[in-house]
Amino acid sequence: MITLTLKNAPHVPLEAEALSPDVMATLSNEAIRALPVLLGKRQRRLDDFFHVEGEASDELAIEGDAARIKWIGRGMTRGRISIAGNAGMHLGAHMSGGTIDVSGNASDWVGGEMSGGLIRVAGNVGGQIGAAYRGSHTGMRGGTILVGGTAGLEVGMRMKRGIIAVRGLVRDFAGLQMKGGTIVLGSGAELRTGAWMMRGTILSLRPIPLLPTFSYAATYVPTFVRVYARHLGALGFSIPFEESDGAYRRYTGDTSVPGKGELLVWSPHGA
Amino acid sequence: MLRITGGRVYDPANGVDGVVKDLCIEDGRVVKNVESGRTINASGMMVFPGGVDVHTHVAGGALNFARGLVPENQRVARKFLHGGDRRSGIGGMTPTTFATGYLYAGMGWTTVNEAAVPVLSAKHTHEELHDTPIVDKSCLLLMANNEIVLDLLEAGDLERARHVVAWMISAAKVYGVKAVNPGGVAAWKWGKNASALHESFEGYSSLTPAKIVSGLAQIVDDLQLPHPLHLHCNNLGVPGNVATTIETMQLLEGRRAHLAHLQFHAYGGDSWTTMRSGAAAVAEAFNAHPNLTTDAGAVLFGDAVTITADGPWQHLLYQLTGRKWGNLDVENETGCGIVPYVYKDHNIVNAVQWAVGLELLLLIDDPWRVFLTTDHPNGGCFWRYPEIVQLLMDVDFRKEQIKKLPAAARERIVLADLDRQYSLYEIAIITSAGPARSLGLSRKGHLGAGADADVAIYPEQPDEGGFLFSYPRYVIKAGAVVVEEGDVTAVTEGREFIVQPGYDSGIADFIRPLFEQAYTMSFENYPVEIERLKRPEQITLRPAE
Numbered sequence: 001m002i003t004l005t006l007k008n009a010p011h012v013p014l015e016a017e018a019l020s021p022d023v024m025a026t027l028s029n030e031a032i033r034a035l036p037v038l039l040g041k042r043q044r045r046l047d048d049f050f051h052v053e054g055e056a057s058d059e060l061a062i063e064g065d066a067a068r069i070k071w072i073g074r075g076m077t078r079g080r081i082s083i084a085g086n087a088g089m090h091l092g093a094h095m096s097g098g099t100i101d102v103s104g105n106a107s108d109w110v111g112g113e114m115s116g117g118l119i120r121v122a123g124n125v126g127g128q129i130g131a132a133y134r135g136s137h138t139g140m141r142g143g144t145i146l147v148g149g150t151a152g153l154e155v156g157m158r159m160k161r162g163i164i165a166v167r168g169l170v171r172d173f174a175g176l177q178m179k180g181g182t183i184v185l186g187s188g189a190e191l192r193t194g195a196w197m198m199r200g201t202i203l204s205l206r207p208i209p210l211l212p213t214f215s216y217a218a219t220y221v222p223t224f225v226r227v228y229a230r231h232l233g234a235l236g237f238s239i240p241f242e243e244s245d246g247a248y249r250r251y252t253g254d255t256s257v258p259g260k261g262e263l264l265v266w267s268p269h270g271a
Numbered sequence: 272m273l274r275i276t277g278g279r280v281y282d283p284a285n286g287v288d289g290v291v292k293d294l295c296i297e298d299g300r301v302v303k304n305v306e307s308g309r310t311i312n313a314s315g316m317m318v319f320p321g322g323v324d325v326h327t328h329v330a331g332g333a334l335n336f337a338r339g340l341v342p343e344n345q346r347v348a349r350k351f352l353h354g355g356d357r358r359s360g361i362g363g364m365t366p367t368t369f370a371t372g373y374l375y376a377g378m379g380w381t382t383v384n385e386a387a388v389p390v391l392s393a394k395h396t397h398e399e400l401h402d403t404p405i406v407d408k409s410c411l412l413l414m415a416n417n418e419i420v421l422d423l424l425e426a427g428d429l430e431r432a433r434h435v436v437a438w439m440i441s442a443a444k445v446y447g448v449k450a451v452n453p454g455g456v457a458a459w460k461w462g463k464n465a466s467a468l469h470e471s472f473e474g475y476s477s478l479t480p481a482k483i484v485s486g487l488a489q490i491v492d493d494l495q496l497p498h499p500l501h502l503h504c505n506n507l508g509v510p511g512n513v514a515t516t517i518e519t520m521q522l523l524e525g526r527r528a529h530l531a532h533l534q535f536h537a538y539g540g541d542s543w544t545t546m547r548s549g550a551a552a553v554a555e556a557f558n559a560h561p562n563l564t565t566d567a568g569a570v571l572f573g574d575a576v577t578i579t580a581d582g583p584w585q586h587l588l589y590q591l592t593g594r595k596w597g598n599l600d601v602e603n604e605t606g607c608g609i610v611p612y613v614y615k616d617h618n619i620v621n622a623v624q625w626a627v628g629l630e631l632l633l634l635i636d637d638p639w640r641v642f643l644t645t646d647h648p649n650g651g652c653f654w655r656y657p658e659i660v661q662l663l664m665d666v667d668f669r670k671e672q673i674k675k676l677p678a679a680a681r682e683r684i685v686l687a688d689l690d691r692q693y694s695l696y697e698i699a700i701i702t703s704a705g706p707a708r709s710l711g712l713s714r715k716g717h718l719g720a721g722a723d724a725d726v727a728i729y730p731e732q733p734d735e736g737g738f739l740f741s742y743p744r745y746v747i748k749a750g751a752v753v754v755e756e757g758d759v760t761a762v763t764e765g766r767e768f769i770v771q772p773g774y775d776s777g778i779a780d781f782i783r784p785l786f787e788q789a790y791t792m793s794f795e796n797y798p799v800e801i802e803r804l805k806r807p808e809q810i811t812l813r814p815a816e
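Residue numbers (this note's numbering), protein chains in the order written: chain A, 1 to 271; chain B, 272 to 816.
Any given hint could be a false lead.
As the list claims (entries may be wrong) - Here are the simulated lysine-lysine pairs, DSSO-like style, with alpha carbons at most 30 Å apart:
#1 B:Lys292 with B:Lys303
#2 B:Lys595 with A:Lys260
#3 B:Lys463 with B:Lys350
#4 B:Lys675 with B:Lys615
#5 B:Lys670 with B:Lys615
#6 B:Lys350 with A:Lys41
#7 B:Lys805 with A:Lys260
Said to hold, decoys possible - Residues from chain A that keep clear of chain B, each with C-beta distances beyond 12 Å, as calculated:
#8 Leu235
#9 Ala247
#10 Arg250
Please keep in mind that the hints were generated in silico from the structure rather than gathered at the bench.
Every value quoted in this text rests on a predicted model; they were computed, and no experiment measured them.
Where a beta carbon is used, it is the ideal one built from N, C-alpha and C, also for glycine.
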C-alpha cells in the first residue's frame, strides 16, 4: 500500500498522470516522491504536494481534497486507487483494468474513453462520464462506472460497451450518440435522453421526458435485466426485475438518426 | 563553404546517374570548387537534389479548419517538443506549421507548393508559411470559381479577365493559378455541381467548365507564368470520370497545364459497385499530350483528411462516410469542404484507388511529366512518401501488397501486370527534378553550378524498419546543414516565391465597385502587403514565345 496525503491543495489544477498503480508498482519511495507532475505549465515533483508513505505497490490510497488533481489513474491496467475525499477531472480516463474508489465527489470526464475496470464514486460527478473525448468516434468501450450521487451532461456520450449506473439525477443528453452499452438512471434524467443513439440500452427507474423520435414498443421485463441486476447487485446497486413488482416500458430510437437503441422505463404496478 | 565527398550523386537535370563525385557549396549555391570549410564524407551514401512537392496543402484557412476538425488525430499524433531552435508542434494528418517544416526537411524535401489559396485567405496563408521553417514555399491562387473572373469569361472578355487574374496574383502574392472543379464550386453555392464539361452550370447561362479551363489556361500562358495552369479537373473521385479527364486533356491541346492528383480522376465503371481502374486509358491519353504534366495524388491505406475547394464532392463523401463534414463558403471566390477519411485495404473502392495512383506512376512513360504526391493530406500524409517510393522501386514488395487486396479489387486493377521498377535516377526525377522544372524554378531540382544548395543525402541501405528514403543522414538547405544523422539540428528560414505579372493599372477601378457590392471586407484591406512575406523572392516570367 502506498499512501499519499495531500499537504495543501494546489490553487490551479495539477496534472498528475503519475498517480497510477502502473507507474508506482515497481518504484521505491524515493522514486515515487520524485515523479513529475505539472502545475500549470511548470513541472514539479510529486512530493511538493503529497506526503508519500510506502513503496512498490499497486494499491494506492489518496487522502485529502484532490478536487483539483486531474488524470488520477489515467490509463491504469491493474491495482486499486482509494481516494478518501474528492477527485479532479479525467479520473480513470483511458483505464483498462483495476478499481478506483472515491468517497467524495469527482469532476467531469470520469472514465473518459475507458475500456475496462471499475470506478465507484460515492458522491456526485460532473459531465461527460464514460464519454468520447471531443472529436473521437467512440467513448467508453468497456468496464463499469457507478455513481452514488448525481451526474452532469452527456453521460456516456458515444459509449460503445460497458455499464454506467447513476443513483441520483442525471442532466441533459444522457446517452448522446450512444452506440452500445448500458446506462442505468436510478433517479431519471433531465432532457433529451438518448438523443441520436444508434444502439445500446438506457434503463430508467423513474419516468423521464422522451424525445418525440422515440416510439413505444412494448411493456415487459427483458431477460437480460435479471443478469444485469445480479451483476450490479453485487456492486451494491439494485435494479428491479420482478414481474410481480412491475415492468419496463420499451421505447426505440432515436429514429432521427435512425437508431436501434432502446429506452426502458420502469413502471411499477399500481403507479 | 561545404564539400560533400564520396557520395553517389543522382542529378537527372544534368544527366548525372549515380556518379561518385564531390559537390561544393558556397553562399547557398552549388559551385564548381571550394577552397576550405567543412567536409561531409558521404561515402556509401546517395546524394539527391532536395525534394520538391508540386502539390500539397500545408497552410491556410482550409487546412487550419481541418486541424480544428480532427482533435482525435492530434491527440495521437507525433509530438515535437520545444528545445533549442525548435518550436513545439504536432505531426499527424494535419501537422502544425513548425512541425510541417521539420517533417519535410527531415525527409529530405526542401521546396513545397501550397496548392490552393483564395485571395481572401491569402494573408492567413502567408502568416502560416512564415511559420513553416526550413523549406522554400510557393502557393497557387484559386481562380476557376471566382465570380468576377467567371462573369468576364461568360461575357467573352478574355483580355479584361487576364488583367483581373494578374491583379489578383499580385494582390495575393502568389506564384501561379489553380483551378478546382471549374464552375462546380460556384454552382455548389446553389447546391449544384458542374459535371458536364460543355454544359452551363447554375448561376451562368453560356459559360461552361470547358470555357473556364481553356480560358484560364490561355490567360496563364499569356501572362507567361513560370508554372502552367494547375488544374483539378471536374468530376474528381467519381466512377467513370476517365471520360471527363481525357476530354479535358483534349481541351488543353496547344496550351500548357498541370493536372493535379490524377489518381482521383482515373476511375472507370459507372457506379460505386462497378468502379474500376481507368489508369490505362488516362495514361495513354496523357502520354500523347506532351504539353501536360501531372502529379500522382497517390493513396496510402490508413488515416487521411480530405481537404479541397471541391465543395460538392466533399458533401458526397460526407454522405458516404456518415462522419464529419466541414464546409466553408469563401464569399465570391471559392468554397471548401473537409471530411476525415480512412482508406481501408479491405474496401474495394479504396483498394482500387491505391492501385490507380501507382498504376499512373508506372504507366506514364516520361518521368519528367509525372510527380510524386499524395495530394497531402487527401490521399495520405506527405511524410509517407518513402512508402510510395518503395512500392515503385520494388516489384516484389508491390506484388506482396497486391496479394493482400480483396479478390474483387484485384479484378478491377492492372497493377499486378506491371513489372516496371523505378531506378534511383527516375526517383530523383519524380521527386525533385521534374516538379522543379514544371514549377519553372530553375535553381531547384538539380545540383549543377548555380543551383540552390538544397541537398538530401541518404544511406544506400534503408535503416532497420524504415524505407529507403525515410531518414536522410544529412539535409542541406541553401547551403546550411539542417539535418544530421536523421535529426533536425538547425532551423533556417525558407523563402517564398512569387510572380508579379503585368496588368492594366486601371483594372483596380474595374474590380473595386464589384468588390464593394459583394464582399464583406473593404477593398483596401484585400491585397496582401509585401511586408507580410518574410523572405519573398520574385521569379521572372517566362520569355515570350
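Right, here's what the structure says about each hint:
1. B:Lys292 with B:Lys303: Distance ~12 Å between Lys292 (chain B) and Lys303 (chain B) Cα, so the pair holds.
2. B:Lys595 with A:Lys260: holds (21 Å)
3. B:Lys463 with B:Lys350: Measuring from Cα to Cα gives roughly 41 Å; hence the hint is violated.
4. B:Lys675 with B:Lys615: holds (11 Å)
5. B:Lys670 with B:Lys615: Since the Cα atoms of Lys670 (chain B) and Lys615 (chain B) sit roughly 18 Å apart, the hinted pair holds (cutoff 30 Å).
6. B:Lys350 with A:Lys41: Holds: Lys350 (chain B) and Lys41 (chain A) sit about 16 Å apart, inside 30 Å.
7. B:Lys805 with A:Lys260: violated (56 Å)
8. Leu235: The claim stands: Leu235 (chain A) keeps its Cβ more than 12 Å from every Cβ of chain B (closest is about 31 Å).
9. Ala247: holds (35 Å)
10. Arg250: holds (26 Å)
Going through the hint list in order, the structure does not satisfy hints 3, 7.
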